[in-house]
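Just so you know, the sequences run in chain order A and B.
The numbering used here puts the first residue of the first sequence at 1, with every later residue one more than the last.
The numbering used here puts the first residue of the second sequence at 1001, with every later residue one more than the last.
These are computed hints drawn from the structure, not numbers from a lab.
Remember, it's a predicted structure, so these values are computed and weren't measured experimentally.
Check each hint, because a few of them may be wrong.
[To be verified] Below, simulated DSSO-like cross-link-like pairs (lysine-lysine); rule was C-alpha separation at most 27 Å, straight line: (1) Lys1441/B / Lys1383/B; (2) Lys112/A / Lys1441/B; (3) Lys1076/B / Lys1087/B; (4) Lys1295/B / Lys1386/B; (5) Lys1441/B / Lys174/A; (6) Lys112/A / Lys151/A.
[Claimed, not checked] The following residues of chain A were derived to be distant from chain B, with all beta-carbon distances above 10 Å: (7) Arg25; (8) Gln36; (9) Gly37; (10) Gly41; (11) Val49; (12) Arg70; (13) Ser71; (14) Asp96; (15) Leu102; (16) Lys112; (17) Glu128; (18) Asp136; (19) Glu152; (20) Ala153; (21) Met161; (22) Met168.
[Claimed, not checked] Stretches of chain B that chain A covers, calculated by requiring three or more beta carbons in the stretch to come under 8 Å of a beta carbon on chain A: (23) 1352–1366; (24) 1598–1605.
Glycine included, C-beta positions come from ideal geometry on N, C-alpha and C.
Residues per chain, in single letters:
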Amino acid sequence: MEDYKFLFKVVLVGNAGVGKTCLVRRFTQGLFPPGQGATIGVDFMIKTVEVDGEKVKLQIWDTAGQERFRSITQSYYRSAHALILVYDISCQPTFDCLPDWLREIEEYANNKVLRILVGNKTDREDREIPRHIGEDFAQRHGMYFLETSAKEAENVERLFMEIAVELMEQAKCKELPKYDGSLGPINGKTSSETSCCLRS
Amino acid sequence: MSLTLLLEKYDVSTEEGLQKALNEIEKEECEVNEALSSALSRACTLEGRLRSASQAYSKLGEVKNDAQVAADMVDKTAALARDVSAKVRQLDLARSRVAECQRRVHDLIDLRVCSAGVEAAIKAQDYETAAAHVSRFLSMEPGSVAAARARGPDPRTDMDAAARTLRDQLRIKFEEAAKIEDDASVERLFRLFPEIGRAEEGVELLTRHLAAQLEASLRRAGQSRSGGAVFADTLTRALETAAATVERLRRLLPPHGHMLLVQGLRGLQPTVCSSVRRIWSELAPRPRFRPPQDKPDPLRLEPALSELALALSRMQLYFNFLRRRPEVTVNEHDPSLSEEARAESVRVIDRMIAESDMTLTAQEHLAHYLELERYFLEESVNKAIKLSAGEDSGAGLVDDVFYITRKVIRRAISTGSVDGMCAVMNEAGAQLERAARALRKGLSVTPHDVLPLAPPRTTPAPAPSEAELYLAHLAEAEAGAEWTERLATEACVEAEAAVRASAGACDKLRSCAAGLSGAAASFRAVTELGVSSLRAALLPAVTAWADALVDPDSDVDEMCVTDELSEEAGALPAALDTLADTLRGRLAAAGDLLLAGLMDDLLTRAHRTMLRNTYDRRGGLATERRCRRVSLWAGTGAPSVRERARSLSAAAALLSLERLEHAPDALPPAALTPAAARDVLARRSDFKLEDIKRLKL
């Protein structure tokens, strides 16, 4: 048995090509693999981080964005502790699809799941979605918000670390002494009254 | 000693002095004589040594001369050797030049034969000979050809022209043979392409021919539709035909041609893809329904699901078959090929598979299968929950759900797709948790008189029918946890065996199977909830029994017959026995858990009440009798309960003492602390407090 105190499942969703795999690779391996092919089905990575001197194991599920994998990826929503919804700040259609993704999350995920909206590719010059638009959207839907660049390693570490911290706080609130194999959701304060944006 | 010194030392003027000096002189003379004789004795040794030294000197001179002669000879030999090796080198050079010349002469002769022969052979349609000429020409040293060119017209022009003619002829003949399906000629002609240095072109032609043949047989395979599972059967036949063609291609290729094989596979794949796509879109079972208006019975979907799973597994098999082809070829013909070259060919095949349309079809297929499977699972579980909520048939929800989920997981494993297995395990976990929630709902209200524990001096009411149902639900929740754990382990083992997957895929499978264990935790939580509800429901009866246990006013007269006394004391153990019997048949570990909980409640309450009551000796005696019997009863139970019953019994024993001074002897070791014992003794109305304080415990 590995030595860790908490285990959290983090699932990344969003349109194809917004950089989900790159975010995961950047965080877990410190790499930015250019020319990354489309993800098939679901990929799975693990990284153990330390929060307040305690080991937290993050199980990161990187899902395929293409439509034909939807029935595979949907099955991962239910057991997720955190859902990262990613769009590409330089591609309006990926932002326009967010309501569809939210509907899917409503349908399949637990309503207490921690939800984070991420605008990726801040390194691109051709931004199409201003920061405040993303921020507003997140606030309206009770989500955390962060803009990242997997290429420049900007905010990536922070994104996952804040998730780990938040989930650990929730777990402690619920006095979950240790991960007990139950993948049930963690009751936490993620509803709209306490949600705020992570400000950089 | 010199004469002067002698004269100074001795007085020679006197006789005595003279005598002394003389003695001295004589003594000295003796010493000198001795020294002389010893020097003389060494003289002959010295002479001998001098002689041998002079002899050695003369010999050394001879040796020096010899050495000089030897050195001169060595020098001469070295010079000779140098000369010889230089000559040998010259000879070698000459020989290799001769060999070169011979080869060139051969080449030139051959070249003439080739140039002359190739035209003739082509004219005579003897392509084997023509190809052998071209092959010979291609294997010639460039130097020979250059030498030939220096002597006259460029032979390459002729040969190249001949090779081109031959190639064109071969292509034409190949295409003619392919058109009339003359497989023997096709194979004979194909083998000539590598000889004229155009192996790739040959493979391209052959692949095109095989693909055309494959296309025709695939169409034939797609037309004969009979039997039940038309889609899966047709797809299987098509893939088998494709595999046979791949094998034929592999056999025709020259040894060491693993990269040619990869090229051939690339050529064939589009034909296979389009055929698979056609079969999928024309024949795949697509039960048409539109939830929530139109909800077919899940059982009606079973044949379609099995067929889809079978077809998926066939596609996976075909992909695996393709992946292994280069390896098989290399192992047959070229086992010494480097790991890198092997890995490269596998990489190319993997890329080809990933980019092929068949992969896309397989993904769409998997999505369709998963959608149906999810519907089947959800609806089947819905049905089971509905059934279990019916009036009579309470039991069986967990049985049903377990049966359904196991079937679905096994079907998903049979597809051979790791993502499919993971998705279905996730869905199965969700459904098991739903079943646990349904059970929880059934356990939220505890019926009256659920268990036969009536308050003392009343007869237990007959258990209502809901009571049985309640206990059955609880037993199911208990079984649910165990079965789900088993299902998770089983699924993991079977899935890993089925896919022989990489480490990453195994991690994925294990993590999804852990989701099933999560459902087991939900079942356990439901069991705990049921046990604590039962404990709460029985609390009034337990309280009444606890009060009766330590009741100071015994109804039974001390003078009564012992039977009656024993009956009064044994009432609680008898009631507990009835309860335990009822639980034993219905619950497993949960029954023990419940009994332990009830006893805990009972003993805690009894102890507290005892410290509030006041006892005389008679009341104490009766209490001691009852507590002893309970302690005996608890002796076979859980250790914590046993300890508490023992301590209650010890306290009751203190209440039944005739004299306070007997207390230290009556107290069993470590049953009560001195303070607790004093508290108990204080409840006896006839014991004085100051005496109790003075007591040494």
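Status of each hint after checking the structure:
no. : hint                  : verdict
1   : Lys1441/B / Lys1383/B : holds, 16 Å
2   : Lys112/A / Lys1441/B  : holds, 21 Å
3   : Lys1076/B / Lys1087/B : holds, 17 Å
4   : Lys1295/B / Lys1386/B : holds, 15 Å
5   : Lys1441/B / Lys174/A  : holds, 23 Å
6   : Lys112/A / Lys151/A   : violated, 31 Å
7   : Arg25                 : holds, 14 Å
8   : Gln36                 : holds, 13 Å
9   : Gly37                 : violated, 8 Å
10  : Gly41                 : violated, 3 Å
11  : Val49                 : holds, 18 Å
12  : Arg70                 : violated, 7 Å
13  : Ser71                 : violated, 4 Å
14  : Asp96                 : holds, 23 Å
15  : Leu102                : holds, 20 Å
16  : Lys112                : holds, 15 Å
17  : Glu128                : holds, 30 Å
18  : Asp136                : holds, 33 Å
19  : Glu152                : holds, 28 Å
20  : Ala153                : holds, 24 Å
21  : Met161                : holds, 22 Å
22  : Met168                : holds, 19 Å
23  : 1352–1366             : holds (count 5)
24  : 1598–1605             : violated (count 0)
Going down the numbered hints, you'll see the structure goes against 6, 9, 10, 12, 13 and 24, while the others check out.
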